[in-house]
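Student: In case you want the letters, here they are:
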Amino acid sequence: MPRIIVIDDEKEAVEALKRFFERRGMEIILADNVDDGVRLIREKKPDLVLLDLFLDGQSGLSVLRAFGHARCPCPVTILSGSIGDVDMDQAKGLGVEDFLLKPVSLEALKRHILKKLFIEERMEKNISHSKGEVP
Amino acid sequence: MTDFLGLDFFEQLYLITAFITAIESVALSIFVFLKNTGSRLHRSYGLFGICVGLWSVSLVCCHLSLDLQQALLWNRLVHFFSVFIAISFYNFILILLQCRGRKVLNVGIMMAVIIGGFCFTPYIISHMSARFGFRIWPSIGSLYLVYLTFFSFYSYYSLFLVFRRFEQESGIKKEQLRYIFIALFIGFVGGSTNFAYSFDLPIPPVGNLFVFLYVLILAYAIVRYRLMDIRVAVASTVILFLVYAFVMGVPFYFFYKQQYLMSLLLMAFFAPFGPFLYLFFQRRANAALLKVQRRYQQTLIQASSGMGHIKDLRKLVKLIVRIIMRALKPDLCAIYVYNKEAEAYDLGANLLKNNAMPLLESVHADAKVVEYMFNEGKPILLDEIKIRAVDKNRVAASAVALEVAGFNAAMLVPSIIDGRMVAFMVLGDKLSGAPYTADDINVFTILANQAALAIENAQFYDEVKRSHEQLYQAEKLAIIGTMADGLAHQINNRFNTLSFIIDDLLDSIKVFQRDPAKLSVEQLIPVLELGFKSMIGNVIQGGAVVQGLLNYARHTQTEKRAIDLRELIEDSLQMVALKIRLSDIKVQIDIAQDAEVVHGNAVQLQEVFFNIVDNAHYSMTEKKDSDPTVIPTIIFHAKREMDTILLTITDNGMGIKLQDQKKLFTPFFTTKASSRKGNGLGLFVMQKIIQYDHGGKISFQSEYTKGVEIRIVLPVSKSG
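For the protein sequence lines, the chains are A and B, in the order given. Residue numbering for the first sequence follows our numbering, beginning at 1 and increasing consecutively. Residue numbering for the second sequence follows our numbering, beginning at 1001 and increasing consecutively.
The set of hints was computed from the structure by calculation and includes no laboratory data.
Derived lysine-lysine pairs resembling DSSO-like cross-links, with alpha carbons at most 27 angstroms apart:
id, chain 1, residue 1, chain 2, residue 2
1, B, 1639, B, 1560
2, A, 110, B, 1533
3, B, 1688, B, 1657
4, B, 1518, A, 18
5, B, 1586, A, 11
6, B, 1510, A, 11
Taking the hints into account, I'd like the entire structure generated from these sequences.
Tutor: If you want it as structure tokens, here you go:
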């Protein structure tokens, strides 16, 4: 079962998101601040993280910075109401490839998540496959 | 008093007045002529006056002659000069009244030459003989009537022209004509009494005793009504004349009494005093001339000292108009103030009486009348422009006269400072109908100078105020700029939440439709209800964000009023919340009961508090990064101090480095890392708002790493 951590402080929104994706057989874990987010990523090893840039006065990017040079162990999609050029550059520097600007529909988010999970899955397969072929 | 050359008293008086006439007349003519040698009017008057002077001198010499032969020659000269008195008078009047009559003049000149020639033949004066108590009197020749007709025609026709024009004119010109008429009427009628004895009519030449008055009356008109513009010169002439009449007259009297030694002694005694007496009386005369003016000046100096304090241009201009209306009561008074952008003089304020014509709203800076006023640099009377239109620059001056007539004005007063005409005033006729005098013009020169200064002051103040306003506007836009990210995030989050809730609800409906066993109606309805409620909440929240921004961006009110300090701080905090998350800051508001209401501009003060909280937040975030145990806290504390409220705002952030403290209120100084976070205008504008707009004070105290304490002193609201 795919496991996704959503780090966002918009309570009503993430609860709707959680219900929607849980009906589709995904595990959604919620965090509304930087510290919880970092801890949960370390503990739960999610397949994907959805990260808001504005977290109760803190920057969402602090979550990524917390992993330092080790980088966040899972793919991260920035989902935010406003993504400035500076933030985008910094996020890219921290290894983020995907940016979604709110508002999005849950259907669109679902397509994005499935695509990401599928790509990850295939990449992992490729890696294990190549590992198998080339000892 | 008998026995001087055997003359009786009347004859003596006759001679003395004639002598006075001669001196006065020549002196005035010379002054008038020298005052403006280029002016046709001045030249023509000079010529006339000289003729009168020579005529009168000849008359005196004639009666002092020792034998009849000598007397005859002098008397012929008397008649010769009188011919030229008549024709030069006509010439002067033609120029003064600007009327046609050159042909009559040219014929007159020809005739004057011919008749003047005949004066030296027995056809005019045949011989001299004693008559009616006079030792010598002329007996007429066969052509005397021709001479008399010529003389009477040109003299009385000229007087008639003056009288006719007098009835048509108004204002200062009418007054001038009134005095010219009276003066010359006395002169000519008085002089004409000389004719009677020659025709054996028993009318003594009494009139001649009063001829000398004509110069005095003209002199009065010159001083009072600016006739030919030689006011001070005339005052000097009269004084010079009076002083020397005395200094010379007293010794002359003794000489005439044949006490020659006494006469000589007195002469020696008086001569050195002459110049001193002259200076003494001249000063006295000037003081007297300026007396009325001083009274005006005092009220004006009082009025104009108030003028400099008025910073509002519109109020100032209205005040000037009111001052003038009160002092002079003209039927119209208006001020046009230069408008740089429009390159025109715009009507600033005006007062009209008696249904006067509406005024022009604006006069372009290129208008001839503007150029004329600027070149003159002093108050101008419409009547004078009309006179000058004949004198010099005929075309230009008449064009100006036309434009002035367009204002329906009697006087224009330019206000010039540093070579720029900042404004000009337009004045109508005085309601009393009295013309503008030299005193009035002096008064207006002073007023115009004061007004120029005051208007320039007000304009400067206006400009500074406008640049302040622009600065605030720039600051406001900058703040909105720094809020843009936060705003977009807030609004987009509302939309996003709506989108998620709707998708979730649609999903629930789909589940219900597919398998009602999984989700019953009873279960679905509360889900929908909760969802819709959340949706409405988000819509309202989004609207509030937009409204908050609009309130801030649109507010341009500048008036101050009583404001509840706590409300003001809370509103500011709401504003800041658009930019930053306030939930991780502890805010403490502690306001003493007698310090609740300040007098100020809510929008501006909100801007100040916004900046302070924003700065504090930035500095406290920095501090928290280095020391996570710190709880960021801002404390607002207000207490009453006399008529002011002292507000201190303390934070426990990083504080300000010593080297940055001096630069804190400098524009564009910022320690913030990125320009998105601060543009460096904040503190500079805050200082302007507190000091200039509220008459308060702002200062700070800070120790690096310990936080900042900002102290703001604001006026307490009088109503609160």
